[in-house]
Amino acid sequence: MSDPILVSTIPDFHILYPENVHQDERPGYTGFIVQSPFLLEFAKAIRDDWGYDFLTSVTAVDFFPETFEVVYHLFRSLGGGVLTFKVVLPRENPKIDSLYNIFPGSELQEREVYDMYGIVFVNHPDLRRILLWEGFAGWPLRKDWKEAYFEEESKPFSSRWPNGEAVRSESANPFHANLKYPPGFDPEKWIPDGEDALYMGLKQPENSDGMNTDYMIVNLGPQHPSTHGVFRMAALVDGETVVDLKPVVGYLHRNHEKIGERNTYLQNMPFTDRIDYINAMSNNFGYALAVEKLMGIKPPERAEYIRVIMAELSRIQSHFMVTGFLLNDLGAFFTPALYALKERELILDIFEEVSGSRMMCNYFRFGGLARDLPEGVLKKIHDLAFNRLPRKIDEMDELLTENEIVTARCKGIGILSAERAIALSAVGPILRASGVPYDIRRADPYSIYDRFDFDVIVRYHGDIYDRYLVRIEEMRESARILQQAIKQIPEGPIFEGKSQYQVKVPPGESYGRVEGPRGELGFYVVSNGQPNPVRYHIRAPSFINLTGLQEMCRNEKIADAVAILGSIDIVLGEVDR
Amino acid sequence: MGIRGIIKGLGITFKHLFETYSEDLKQGPDRYKTAEGIQDRLSADTKGIFTVQYPEEKIPVPEAFRYIPFLIYDELEGGERDIRCTSCGICAKVCPPQCIWITRSVNPETGRPIPKPEKFFIDIDICMNCGYCAEYCPFEAIRMDHDYEIAGFDRMNHHIYDMEKLLKPASYYAKTHPVQYAEEETARLEKEAKKAAAQAAKAA
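Residue numbers (our numbering), protein chains in the order written: chain S, 146 to 722; chain U, 5 to 208.
Keep in mind the hints are simulated off the structure, nothing from the lab.
Each computed PhoX-like pair below joins lysine-lysine, with the alpha-carbon atoms no more than 20 Å apart: (1) S/K702 x S/K556; (2) U/K120 x U/K169; (3) S/K443 x S/K649; (4) U/K51 x S/K524; (5) S/K643 x U/K97; (6) S/K487 x U/K62; (7) S/K288 x S/K231; (8) S/K438 x S/K649; (9) S/K525 x S/K537; (10) S/K537 x U/K12; (11) U/K195 x U/K206; (12) S/K300 x U/K97; (13) U/K19 x S/K487; (14) U/K97 x S/K403; (15) S/K525 x U/K51; (16) S/K487 x U/K51; (17) U/K97 x U/K123; (18) S/K525 x S/K632; (19) S/K632 x S/K524; (20) S/K403 x S/K300; (21) U/K51 x S/K537; (22) U/K19 x S/K537; (23) U/K172 x U/K120; (24) S/K643 x S/K438; (25) U/K179 x U/K169; (26) U/K37 x U/K51; (27) S/K537 x S/K487; (28) U/K97 x S/K649; (29) S/K643 x U/K195; (30) S/K525 x S/K487.
Using the sequences provided together with the hints, build the complete structure.
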């Protein structure tokens, strides 16, 4: 249980490549600064020579009015901490080499950075806007871009009650002066060319069998019951077989990160609930970790235990739900889904009692929790963890695992090999179902996860069935962690001192990551000492897992694409942010 | 392809169906529309169907439950209201969607501000029910309400709550948040006793 965990050290790249790589020496910052022309060579070297084979996050920071910085986070799939490096770009005409050929998992993320900052990634295979539409004016995450309804740079606003009178947001009509178009853009005469660009991106293979057949484009979604929200797949099909497929996202986009940069640090906490609305507790956890890292504080012991209990309960209910809804996608209309929701209800009851809300928990604070467990809740969690949940997980297992229809639809479908899973930056159950035993709770332990005895579940076929099995087994492991945590939880405070509404965050950057139910959920926060973050980025696991969708769906039947999407377990609130 | 797995699964589905009726027979009419029946369906060893038939049955909300904020006033003798809010504005500052607007009262004679709100608005369309205002209020003046049945027929006219609509007596608060209220009352009484003792010591 208490085996020493070997954490690899990060090599001194600034000594190895003295001309092109420098240490980031600003106070509060870590990692390296790489010269832009050296980027490709450096990326190749750290992948091939130093084992940093997993590109987890690509994002950018706007240090208005000086420079842009593109920030890369990588880790070794064998375990250990995160390597950060940055490339500094001018704000005028920013251009950088795409890492697509070295890390294909950067595809969607580079598109997002382009969409938000206008940074052009040279040699990217399909550089289009991803979350916004083609007629959108400007690059929204640049600091000099102002949104519709713009009030002030940062909260708290002072203008909400001019002359002591309330102004309602209704009166700021979106159809008057709040729409902006690019110069020369007339919406009346606009012919959407985005669709053409999308369809051109679908690759038609050489016709090899000599028959004169034609391909057809099928759009699944945006409104389609199988897509778990508003999500669209443009599929090129040959008969029933998917030849190529592209995800189209952004229908639920609200620029969460821009909102986050206007908010104070504490004000972001309830907003994190709304990224992945299925498990708010994990989101709270990740954000609290990132800001606590910056502030250099740690919560008291009891708070750590409650955090772990909540995160694991959250994982169980999320896995229950995705298992149920995967079966919905396979055509088992709502019986397994409702059995899953039933258990989820009992867990949400606990969340409600503890935090005040079933889904939008807003329970974590920097350095502790909002409130202690009310009386009787621990008993309820105890009943669930020791009795009901293990029983019901077994029942779910019995109901589905050997079902012939499930096995026929799931085994051998949507295969992602271990190498491709790593290359495509797949995380969570998808990565582990492909045979890579990577779980942040073990690989780079945070909070108090190093105290618990649990197994990292891994399967080796990389198909839908294995992803399902990984989730079932993970629920059992979560129940195990819960049982240990309930036994060990100490009495004591849940917060040192009094919770403050204005937290002092020293300048610097931090990347906090947790193993959410969908995989690595990371929060990248940059502070300049002001009450509002300069940068607030979310590494959303289900968004980045979609990078692999194309490859999983190729040469499968169109009906299986729906099941594959169900097995990825996307939450659109998180995909579109 | 066999059918063993399917039959096994059907057995479980049948068990779920059967349990609903067996529980009905075992518990009799008490299973529905009684507080015990609802509690039983929320417990960890509930069996069979466990839906609660809203609005005939309602799940009791826990004390921590948060919905729209409300302002508390203490009832004085003679029906006067002592509003706890001092219009310090912390709730408006901490509010993530910035939905609270306060105007401070001014003494009409001297022109000096009085620590009482003259106007207090909450735009409940924007409110995200996070509970920060209640959490960080230093005067225990604003708390989260439990009344979740506020659906209305119009979009425009009644969604900015003014002070009249927001004010509720402390007795209401004591009913919805018994544990928290009792804690705060004991803390307050202790503080007052200390103050009185200090004053008595000073006088002596």
